[in-house]
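Undergrad: Residue numbers (our numbering), protein chains in the order written: chain A, 1 to 296; chain B, 297 to 592.
In short, the hints are calculated from the structure, not lab data. Be aware that one or more of the hints could be misleading.
With a straight-line Cα cutoff of 30 Å, these simulated DSSO-like cross-link-like pairs (lysine-lysine) come out [as the list claims (entries may be wrong)]:
no., chain 1, residue 1, chain 2, residue 2
1, A, K32, A, K224
2, B, K327, A, K281
3, A, K201, B, K308
4, A, K21, B, K308
5, A, K56, B, K354
6, B, K534, A, K32
It should be emphasised that the depicted structure is a prediction, and the values quoted were computed from it without experimental measurement.
Listed below, chain by chain, are the residues.
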Amino acid sequence: MSKLFNSPKIDQLGLIERAAKFKTRSIKKEAKINGLKLALSMIDLTTLEGKDTEGKVRQLCYKAMHLHDDLDVPTVAAICVYPNMVAIAKKALEGSGVKVASVATAFPSGMSSREVKLADTKLAVDHGADEIDMVISRGRFHQGDYQYVFDEIALIKEACGKARLKVILETGELGTPDQVRRASDIAIHAGADFIKTSTGKISPAATMPTTLLMLEAIKDHYQKTGKMVGMKPAGGISDAKTALHYLAMLKETLGEAWMSSEWFRFGASRLANDVLMQLYKQKTGAYQSADYFSKD
Amino acid sequence: MANRIDVLKTYKLYINGKFPRTESGRYYQPKGAKGESLGNICLASRKDFRNAVVAARKAQQAWSSRSAFNRGQILYRIAEHMESRKAEFVELLGKEEGLSSAKSKSKIESLIDRIVYYAGWTDKFQQLFSSVNPVASSHFNFSMLEPVGVVSVLCDEKVGFEGLVTAISSIIGSGNSLVLLASKNSPTSAITFAEVLHHSDLPAGVVNILSGDRDELATHIAKHMDVNALLYCGDDEKLLKELQTESANNLKRIIHWSAEDNSEEYLESPYRIQEFLETKTTWHPVEQIGGSAPAY
Chain A
1 MSKLFNSPKI DQLGLIERAA KFKTRSIKKE AKINGLKLAL SMIDLTTLEG
51 KDTEGKVRQL CYKAMHLHDD LDVPTVAAIC VYPNMVAIAK KALEGSGVKV
101 ASVATAFPSG MSSREVKLAD TKLAVDHGAD EIDMVISRGR FHQGDYQYVF
151 DEIALIKEAC GKARLKVILE TGELGTPDQV RRASDIAIHA GADFIKTSTG
201 KISPAATMPT TLLMLEAIKD HYQKTGKMVG MKPAGGISDA KTALHYLAML
251 KETLGEAWMS SEWFRFGASR LANDVLMQLY KQKTGAYQSA DYFSKD
Chain B
297 MANRIDVLKT YKLYINGKFP RTESGRYYQP KGAKGESLGN ICLASRKDFR
347 NAVVAARKAQ QAWSSRSAFN RGQILYRIAE HMESRKAEFV ELLGKEEGLS
397 SAKSKSKIES LIDRIVYYAG WTDKFQQLFS SVNPVASSHF NFSMLEPVGV
447 VSVLCDEKVG FEGLVTAISS IIGSGNSLVL LASKNSPTSA ITFAEVLHHS
497 DLPAGVVNIL SGDRDELATH IAKHMDVNAL LYCGDDEKLL KELQTESANN
547 LKRIIHWSAE DNSEEYLESP YRIQEFLETK TTWHPVEQIG GSAPAY
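With the hints as extra help, turn the sequences into a complete structure.
TA: Below, the structure is given as structure tokens:
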């Protein structure tokens, strides 16, 4: 086996305990407000459902640009949609600075031929996607065919052209932390601009220990090569407090350089509303109700 | 076993079907009517209240979509369980309110009967308060009652445990969920009642009971945007006015039960149920103009 696929072993208990420590950080007042605003600016507002319509995508784009008109808040980082919705989103977001990310490569299962996956990617890029979220072939990975997984990521990266590539490992299907670390290393070496935990379609999605171990993989790569790779936990992060814990973990693992939407994203559909509710609570002093915030 | 040390019960909060300690870690030491200590009791914080409202909101819809008959069955089950722990309640109430055991027993028995009374009403109040309305157009017009949503209850010391039982049994029977702050002097009976609720098939989150300081929490309760109605049982005019002012932002309904009016006629009445209902009126098109005989 190539040395590339020989990733370090993970101390699972140590990882879990270390990740749990970040939950004890108390972030209040000014720091909380700044953290919440930073979190908002890192969100990939996501709609990935079979029932998505053009109207729903346009509505989501509007929300991306106008999170809350009564609060001084940034826009989200990007909208994340299926390839056939890219053109719609691109048009709706024109001039706003909000990027369009598209899932590709037979998302979410990735169970298709290489040709179809490349065509899927090309479709999204041609329609103007700024970012591509691909899934790895978990079946091949489990068969031990790491070279196949590596080559596939490299090919998709090539097909992306100028678009940045996020590689979804779907950690919930990888099993052990050792496997997650190996998949992270493969993705990073094959040219991923971001590594991403999950599709959001299976449980468990993003967890703090898994994210921490992927951050460690990024850190090791950075220390060896000086090349930065971004991180995107996705799925299951739905409240502001958890988002702040992730930011604390990011800062203490990778440092200040990663604290922007260029290098860190939250893949989430519900998180934005909870963060807005917390910010509004800070402003008015009253706990908020979901009734007063737009659903999509 | 002459030197046996009694095992004392820790009274904690009741939130989302669990008995957590207050997140604040604080406690207070209330005294019974004769000056003896009632123990170390959780002094709930505004965050405990917030968590309780989240639980109540989450539970409310499923609770209100249960059949009215089933809600009645569960209320009756609560009465059954209270009856089986009657001796304990008699003792606790005697301590808290300084009643003789005969007086305490008759009060507890009347409260058990009150729960049975409201259990009977769950599938009957709709017939009493709904109506078919005459209108001057070709519509069949009818009004139905729906629960108002999440109700918060504040109890003064004077109303004590009686107010608590009456409020819970009249409010949840129609499908509301609630967060109740027990009066400062009745935490032991209140939390024991929570244990009764807990093993009576009442879904988690429908009733949440906190113990603590009324004056500390009152404003936060009144200002909370996700609370639909607030019941104040007591006679502090200044507090009532403050509740009314603070609650204006989300047009929260404020209901006031005076401690003076503790007659059975007042506390056992379908109008106590009606206070926590919303009316929904439907205009259903029909072929006949109002006034002429219907075709069906």
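Undergrad: Could you tell me which of the numbered hints above are not met by this structure, giving the numbers in increasing order?
TA: Of the numbered hints given earlier, those the structure breaks are 1, 2, 3, 6, listed in rising order.
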